[in-house]
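Engineer: Got chain A; can you put chain B on it based on the hints?
Residue strings, one per chain:
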Amino acid sequence: MWRTAVAGATALSLMFLILPIAALIPMSFSTQHFLAWPPALFSLQWYRAFLGDRDWMDSLGVSLRVAVLATVLACALGTPAGIGLARHRFPGRDLLYSLIVAPVIVPVLIIAISAYLMFASLHLVGTISALALTHSVLGVPFVVINVLAVMRTVDVQLELAARNLGATPWQTFRRVTAPLVRAGILVGALLVFITSLDEAVVALFLSGKNAITLPRMMWDSIMRDELNPTVTAIASLQIGLVVAGMLGMEIARGRRARRAERPAGPEAVRAAGEGFLYAASAAPAGAGLRLVNLTKQFGAVRAVDRASLEVRPAEFLTLLGPSGSGKTTILNMVAGFETPTEGEILLGGVDVTRQPPDRRGMGMVFQNYALFPHMTVLENIAFPLRVRRMRGGEVEARVGEALRLVRLDRYGARYPRQLSGGEQQRVALARALVFNPRLLLMDEPLAALDKHLRENMQIELRRLHEHLNITILFVTHDQTEAMTMSDRIAVINRGRIEQVGTPAELYETPANAFIAGFIGESNFLEGTVASLNGREAVVRSAGGLHVTVPAPGIAVGDRLRVVIRPESVRVLADAAGHANAVPAQVEEVIYLGDVIKVVVRAASEETFVVKQPNRKGMRAPEPGSRVFVAWAVEDARVLVPDSADG
Amino acid sequence: MLLLSFTQHPSPYHELWTAPNYRHVFAVTFQISLSVTAACLALGYPVAYTLSLAPARRANLLLIAVVTPFWISLLARNFTWLVLLQRGGAVNQLLLALHLVRAPVPLVYNWLGMYIGMVFALLPIMILSLYAVMRGIDPTLIRAARNLGASDWHAFRRVFFPLSLPGVAAGCLMMFVIGLGFYITPALMGGGNVTPVSMVIEALIHLTGDWGLASALAFVLIVATVLVLVVYNRVLSLDRIAGAR
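For the record, the sequence lines run as chains A and B.
The first sequence maps to residues 1 to 646 in this note's numbering.
The second sequence maps to residues 1001 to 1245 in this note's numbering.
No false leads were slipped in.
In silico SDA-like pairs for lysine to any residue, Cα to Cα no more than 20 Å straight-line:
(1) A/Lys209 <-> B/Glu1202
(2) A/Lys597 <-> A/Lys611
(3) A/Lys209 <-> B/Leu1207
(4) A/Lys597 <-> A/Pro566
(5) A/Lys611 <-> A/Pro583
(6) A/Lys597 <-> A/Ser568
(7) A/Lys209 <-> B/Gly1209
(8) A/Lys209 <-> A/Thr127
(9) A/Lys597 <-> A/Thr607
(10) A/Lys611 <-> A/Leu572
(11) A/Lys611 <-> A/Asp635
(12) A/Lys209 <-> B/Ile1205
What the hints contain is simulated information worked out from the structure, not anything from laboratory work.
Pulled out of the complex, with its shape left as it was, chain A reads as follows (with noise of 0.2 Å):
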């Protein structure tokens, strides 16, 4: 009921809208002066008398000549100040919009008025530049809006990535900033074009005796004596080059789009064969990275905070920290997209904290990519071989050996968006090490992936690490992938480093509790030192349990907190020949395939996480029961709690 009643008013509407338009069809090839309906049909007159007259040529001649010139004068002056809106903030940006479309607002009557009286004392009234610079003046603002809407769309990453790849900013401009905004130039110009071919008001006003444009002869013929057909010719005219234009658009477009899908040569298809690791570069070795002092603050908050960190050559590093914490702040410093507030930054020994991103010669991987989405993917791996000018055969040579180094030997022709999401990390992968960069940053690159894609992209770049001998620089949040691909990882809270080290020493010898809690699971004890036994120490349990622990470097009545991991805890039966056994109640039986997790709540209403191997004949506990949980005295690790109130 509902749905018929909307498809009645939407045809209804469609008709209001359709009728009139195929109803001027025959009317042009009517035979009468006098237009009835039906029309009786059939004759080219009308025809004859538009294209065959001297008046009406020379107004189609007149309007054709304004409307390419405010064309090309809406789009020289519309383009820039789109694009300077879209990507810079100033005093002053808001009012300079509003001036650029109000000839929106304003009526075009009014505009034709101001404009006839300018021009009028310049003695202009009448030419084709006066008609053509009133037409851009309308003309700009579509310009701008388009401009601006294809901006938005076109991510501040690409021009970012276009300058870590070494693109200097007019290379940036020329190769990714300018195509990519080139759809919204056309739309703004199409639409000028066509407003001023069909403009009458201005022409009313500037015509004068000279320039009498096309529209202007149409309004002059429909006062003048009633009803002339030749009209309808002139509009059936243009109905038939719409659709003429629009069937070539589609036809250019289903043609781009079968050649974006041609496979490649037989040649690269033998060559894809030849295995992940074939192509063994000579890349000189990655340099090393320092940061001193690193600072960063956005206004009140303080993002990073004097980051210390040294990253070896050839080493794989990762910044490891949950969200907002202040690791792609870092990298982005790295990179030079963001200016350090304090502090600095040495590769390879030298200063580069005020280099801008494309001198620096770091390759970087983003977190969606960041492929440019207007080439195809030998066109972006080209593309920092290309800015630094590198010859024709050697860019083949290189972009060639970049895609067989990530196994995409015949994808070259396709465009971004014809691959799944894992070959166009790949992508970007091989884009960042073409050109032999010293250092590689990346920023989650694996964190869109789906889990199974992402372990083994973890494993291949692992592999290409340990091939290439390059410096990496990597960033997640992800602490399995960290300590899966890692040599030393630093991890990262609050903008502080907390500490740096291999995967076992943060694991095995955590600085503070937010690395025990942040690196794998721990139970926590707060407590305080009773008593002191030699090389252990007793110590007292916030909920009232004593619990043995080793004791180095600690007093009586020190506050500090035990760490104990799940692993190393057992559940037991009795207590018998336990230095440390806690009565407590099992809660929750959790099973995980190869580790059973037990949660246990003692009579101190502390909580103990237990994992126990799932090994054959384990029998895990029944919830509800009472048990015993015990660990050896090595197996706690005491933390002072200063800096552990993470």
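Structural biologist: Below, chain B without anything else, positioned relative to chain A:
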């Protein structure tokens, strides 16, 4: 032009303010603009709604139909309507054939003709701005509403319609502002029987050469337009603060 309107003596604003016929002219202009906006909304909303629900291919075809009028000159569009609506035109013939009227009725060179012409000229713009917002409404929301027990009508009334309101607001504003300054269609299809501000301005210049008064009228028209924009903006942001969106 602004200068002209302020420097002339006696001040044209004085005449504007005292002569009742100019106040009437502005009232007519606002009335035309409002009616055209309302008609465009009523005709355009169902089309945009259908477009936003249709599968991509069909939506594209419908969209082409919606923008067909743009393919030809505004003058030719008005001309076509003049031919169709004239005394012996197709519409009158149809009405006669259906015995709805006994003699041809005047459909053009009057208010009705002007309304038809203006709605026809502005409807596609209304549909496009409604569609732009509706396309952004997540279809899952409608499915969620249906799943939660809402009928087609309720899903529309409670979910789709409120979400489409920004498009309605933008479209209506655009219609109204364009309508205020529309010149060609009233001139051609109103046949001199309807006189909005724009036509008065043109007549003052071309017939009496009174540039000062014409400029004053134009200035008042611009101020009125800007005022509408400002008020609209204020009201809409108030809505947003109240949590309508």
